[in-house]
Every structure is written in C-alpha cells, then in structure tokens.
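Make the full structure from the sequences, and use the hints.
Protein chains in written order, with my numbering: chain W, 1 to 231; chain H, 1001 to 1207; chain Z, 2001 to 2191.
Each hint should be verified, as a subset may be incorrect.
[As the list claims (entries may be wrong)] With beta-carbon atoms standing in for the labels, derived distance ranges:
| no. | chain 1 | residue 1 | chain 2 | residue 2 | range |
| --- | --- | --- | --- | --- | --- |
| 1 | H | I1172 | W | P94 | 27 to 37 Å |
| 2 | H | N1038 | Z | E2065 | 24 to 34 Å |
| 3 | Z | K2191 | H | M1001 | 25 to 35 Å |
| 4 | Z | L2022 | W | D67 | 18 to 28 Å |
| 5 | H | E1168 | W | P94 | 42 to 52 Å |
[As the list claims (entries may be wrong)] Residues of chain Z clear of chain H, computed beta-carbon distances all greater than 12 Å:
| no. | residue |
| --- | --- |
| 6 | S2006 |
| 7 | V2024 |
| 8 | D2057 |
| 9 | G2077 |
| 10 | T2103 |
| 11 | D2130 |
| 12 | Q2134 |
| 13 | A2187 |
I should point out that these hints are in silico values taken from the structure, not numbers from a laboratory.
Quick reminder that beta carbons are idealized off the backbone N, C-alpha and C, glycines included.
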Amino acid sequence: MAKHGYLKEFTKGIVKENPVLCLVLGTCPTLAVTTSASNAIGMGVAATAVLICSNAVISALRKVIPDKVRIPAYITIIAGFVTIVQMLVKAFAPAINDSLGIFLPLIVVNCIILGRAEMFAGKNPVLPSILDGLGMGVGFTAALLCMGIIRELLGSGSVFGVQLLPFKILIFILPPGGFFVFGMLIMLANKLNTRAGREVKTTPCDGCPMAANCSQKAEKCGEKEAAEHVD
Amino acid sequence: MLIKSLVAVFLAAILTENYVLCKFLGICPFLGVSKKLNTAFGMSVAVTFVMVLATAVTFPIYTYVLVPAGIEYLQTVLFILIIAGLVQLVEIILKKYIPSLYKSLGIYLPLITTNCAVLGVTMLVLQKVDSTTLYDYTYLHALINAFGAGIGFMVAMVMFAGVRGRLESADIPKSLKGLPITLVSAALTALSFLGFAGVVDKLIPLS
Amino acid sequence: MRNKLSAKAILIPTISLFLICLVVTALLALTNNVTADKIAENEAQSKENSMFAVLPDAAGFDELEADVMYQGKDKDGNIVGYAISTSTQGYGGQVKVMTGIDTDGNIVGVDVFYNDDETPGLGKNTSNDDFRSQFKGLSAKEDIVVSKDSTGGGAQTIDAVTSATISSRAVTKAVNEACDKFTEYTAKEAK
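See the structure below:
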C-alpha cells in the first residue's frame, strides 16, 4: 500500500466514515458522557486507546484466531484492554474515572470497537489497522467533543468549566437534551453528506458488528414472522 | 421492610433509573428495534430474561469468588464472557426444548451480547450494594433490580414504538427524516421520564 | 454437520480461546500489580485532603474506626475535633460526605468528596461552597433539615440547591449520620 493509502485509512474515520455521526455507532457513551466537554475528551481518549490497541493485537493475531471463536476472542481481547485502560485511568487520572463512572468499563460493548475489529482489523495488516483505529478514535472523540461543547455551553453556560454565558438552559445536560442535540447533529451530518452526494445512513447499527443479525434483521425477521402468522 | 425495599428497588429500576431513558444504556436496540410494536416487545422480553439470568450468575460469582480472591479487576472480562456464554446457552436450550419460545425470542438473543444495558445492569448493581445504607442489598434485591430494569426497558421500548408509529404518518421536514426525528422524539419521551424524579422515595418512604 | 466435528475442529478453537484468556488474565494481573498501590494511594490521598479541609485546625489524624471516623489532633497532640466519613444514596448514586466536628459539637466544615453520579449543574452543585458553608457552625447535637422539609425555618435548617432537593437531602442526611456517630462516640467516652 502506498503512503497515500495509509493516510486515507486515517482520515476516513474523521469525516467520511465518522463512527458517531455517519455510521451511528457507540450511541450510548455519546449520549451519556457528553454533559461536559472535558468528560467527552476523557471518554474519547480512553476509547481511542482501547481501539488502537485492540485493532493492533487483533490484526496481528488475525491468522491465528480460528474463525469459529472469532467474536469471543475479540471480546476477550477488547475487555482486557478496557480493564487495563480503566486501571491506568484510576491510577493516574482518578478524576476522569469518577466522572465517567460505569461508562469506562462499558467501552467493552461499544460497537465501534468490536465493529472495527470485525470489519477492518480482522482482515488487514497491523499498520493500516492501527491507523484505522486512530482515525476512528479521533473521529469518535471529535464528535463527542462537539456534543460536549454544545451541551455544556447551553446547559451550564460554560465550556471546559470556563463560564461563558450568563444563563443556562439546564435541560441540555439532562437526558432529553442529549437526544435532542444528537438528533440535530445527525441532521447536520446528513445534510452535509447529501450535499456532497454521499449515501445517507438512516438507521443506527448499519456498521455494527452484529449488523448481520442486528436490528434490521430482527425487524425484518419480525415482519416476516408476522407475515407468516397472517398466512 | 424487606418487601417494602424490594418494591422500592423494582419501581426505581423502572421509573427513576430507567436504563434507556435516564442512564443511556441500550440505546442501539432502543433506536433500532423500536419501529414495530411486536418486535419491540419481543426484544424487551428477551432482554429482561437475559438480564435476570446474567445477574443471577454474575452477582454470586463477584461476591463469593472475585472479591474473596482479590481479583475484582477481572470483572469486565469475566462478565462479558459470562453474558456471551449465557446467551449462547439459552439459545441452544430454547432451540432444543422450547422451540415455540425460540421462534419468538430466538432472533433477538444474539443481539443481546453487545447490548450494554445487560452488562450495565450486572455491574451497576454491585455499586448499589455498597451505597445502599437503609437496608441490606441482598441477592434478591439484585434479581428484582435486574427484572425491573428489563421491565423498564420494555416500558421505554413499547412507549417509543407507539410514538414512532405516529411518526410514520406525519409530515416530516426532509432533513429531519430518519434518525434525526427519531432522536428528537426520544428526547420528548425522555422528558416525560424526568417527571418521575423522586416519585419512588415519596411513594415508599424507607427511613 | 456432525461428522465434520472432528476432535481437531473442536480442540483448536477451544485451546486458542483458552490461551487468549490466559494471556489477557496475565496481562491484567501485571497491570493490577503496577497500578494497585497507586490507586490505593490516590484514594487515601483524596480522603486525607478531605479530612484536612473539614478540620483545618488539625495537624494529623488518628483512626478511630477504619474508613469512617478519625480524630484530629493539633501539633501539640490536643484533640481538636473529628472527621467523619458517611455515605448516602443521592439522585443518581452514592454521595460521600466528610463532616468535621469540633470537640464542642459544632460543625466546622463539610466536604462532599464524591457526588459524580449526581446531575451536573444540579445535584453536583452540592459540592459548591455556597451550599456546603451553610453547615458551618450548626450544632451536631440536633438534626439538620433542608428548609423545604421544615415548617419553622429554625437555626438547624439549610437551603437546598435549586432544583436539586434530593441531592441536597442526601448530603444533609449524611451530615446527620456523621453527627449521630459523633454523639454516640462522645457519650461512650464520657462514660
């Protein structure tokens, strides 16, 4: 692969295939930890670290791991890295550990990480996989930061704890505000994507590792089943 | 006292601590599988089932194996593997012995492994054991909590499926179509759950 | 399907999965070894900071009850008061409070050292000085109430953080528990 190719692996995650805004993955942490900009960065960096490490290891082991136990093996590796990151954060940045709470260990089930393992790292050499992980991680962090800044600015009147607005609209840091801001950001991403002539993903989980048997299938199966019952 | 605290735990898990709308866990299926009422319901039943089963297994393992051995740090790895294994096991058992149930729940089971609500329930309940001071948080409380969390998931899913049903016939601005409008309506649904704040404490005063 | 499942087809995936689990566990044990001390140190440090914050006159602390009650002494070894750590259930989760009480039974300071599960901008504001300083000077011998819950508005009332009554109550309750612990201890000492 040429140098140009490597660069592409890195940049695609940031804009064109942004995991949060375009592939709509990892929605739970996106909504939950973006109550402040600093939380968003903490989560983004932690997930990026896990993503890079797991991508690298999985890609290195891609010929060793038997296909049958692929998913459990990936999950074990990811869970291992998540725990390591969690312990490091606890030891060296305890404040971040306190504010991210349960969402730090829950990086394990963040679809972005398993999704990249299944779709990219399991099929590609180590270096592109690391770049892919880095790009996706940066894209994830950027989207989180975007949400975090908007929600903190409107909800607490501050950004990174610095008071900027004289008023605050509390609802933005409460759960409904999270859904609303996310909806608006996706709308914006869709608009930009349509303008650029790219295909717009309309449902979440399109890039999910379980997409094969995920929501769409469940929905379709449900419909099929319902149809069968009618017959 | 025991019954009272159990009811409080159950109601809190459904209303004030709703895993989807208040804690943002299990958003993927919430957005993905809530288009049709029957699939939303089927998914919720499967989630509830796995949540209770997973808590039933992980809670004693954590309390009686991991803590005494001082290896709490294996929690994440072990729990996710237990959940993944359990889901497989349930699938196989259902397929073999209760095919009718398998037919209605089977398709949802593989999706549940990566549902963060299940892992979230099994992990968050362990923190509650430490923070509950009014009464002893027992194994039974943990199970009731898991069951309540599942029912809460169901309430959110079914409610939301209803909202989305109305959206089908609504005239939506072009750029809002699809996910954006879904999220905006999720915001409104979550808003209604904010009203439950403090309701359980008032209904069932424990102190 | 069945005849395809040779011993090799079963063994290889099992063994490789087992090996992966083994390596992951070993790595975790290693990281835990490296970080465990640091984590314990962090926790002890944050608790100590909190103890000095609520009992500024103290130069050092003696443990009376592990993780709960500490006796503060000044440089000359005189008892200046007690720092008591209590926790209650807030709106989103656990709320941990450190209460400093002097030997006369007056509250010297209150520190909310863990409330990260509370709503930012609402319940989290219970750790702001505006709210905490209200406890200063109150008596540890009588229960403190949140003004919303009291009819009279006596000396032992504090104002809740706006729209965060539940979190404010949780902190108040933790302080009351600490006061009870103090009363219990002094009564036992008096005997």
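Review point. If you check the beta carbons of E1168/H and P94/W, does the distance land in 42 to 52 Å?
Key: For P94/W against E1168/H, whose Cβ atoms are near 48 Å apart, the range 42 to 52 Å holds.
**Study point:** Status of G2077/Z, Cβ more than 12 Å from any chain H Cβ
**Key:** holds, 34 Å
**Study point:** Verdict for K2191/Z, M1001/H (Cβ pair) under range 25 to 35 Å
**Key:** holds, 31 Å
**Study point:** T2103/Z non-interfacial with respect to chain H [C-beta, more than 12 Å]
**Key:** Since the minimum Cβ distance to chain H is about 27 Å, T2103/Z lies beyond 12 Å and the statement holds.
Check your understanding: Closest CB-CB distance from D2057/Z to chain H, is it above 12 Å?
Key -> Fine: 29 Å to the nearest Cβ keeps D2057/Z off the interface.
Practice item. Hey, is Q2134/Z genuinely clear of chain H, shortest beta carbon separation above 12 Å? Key: holds, 21 Å
Check your understanding: Beyond 12 Å from chain H, beta-carbon-wise, is A2187/Z?
Key -> Fine: 22 Å to the nearest Cβ keeps A2187/Z off the interface.
Review point. Can we trust that D2130/Z is non-interface, i.e. its beta-carbon lies farther than 12 Å from all of chain H?
Key: The claim holds: D2130/Z sits with its nearest Cβ about 22 Å from chain H, beyond 12 Å.
Check your understanding: Can the suggested window of 27 to 37 Å be confirmed for the beta-carbon pair I1172/H and P94/W?
Key -> violated, 46 Å
Check your understanding: Any Cβ of chain H at or closer than 12 Å to V2024/Z, or is the non-interface label fine?
Key -> Non-interface label fails for V2024/Z: nearest chain H Cβ at 6 Å, not farther than 12 Å.
Review point. In this structure, is the beta-carbon distance linking N1038/H and E2065/Z contained in 24 to 34 Å?
Key: At 56 Å between Cβs, range violated.
Exercise for review: Compute the least Cβ-Cβ separation between S2006/Z and chain H, then decide whether it is above 12 Å.
Suggested key: The assertion about S2006/Z holds, with a minimum of 21 Å to chain H.
In summary, the numbered hints that this structure violates are 1, 2, 7.
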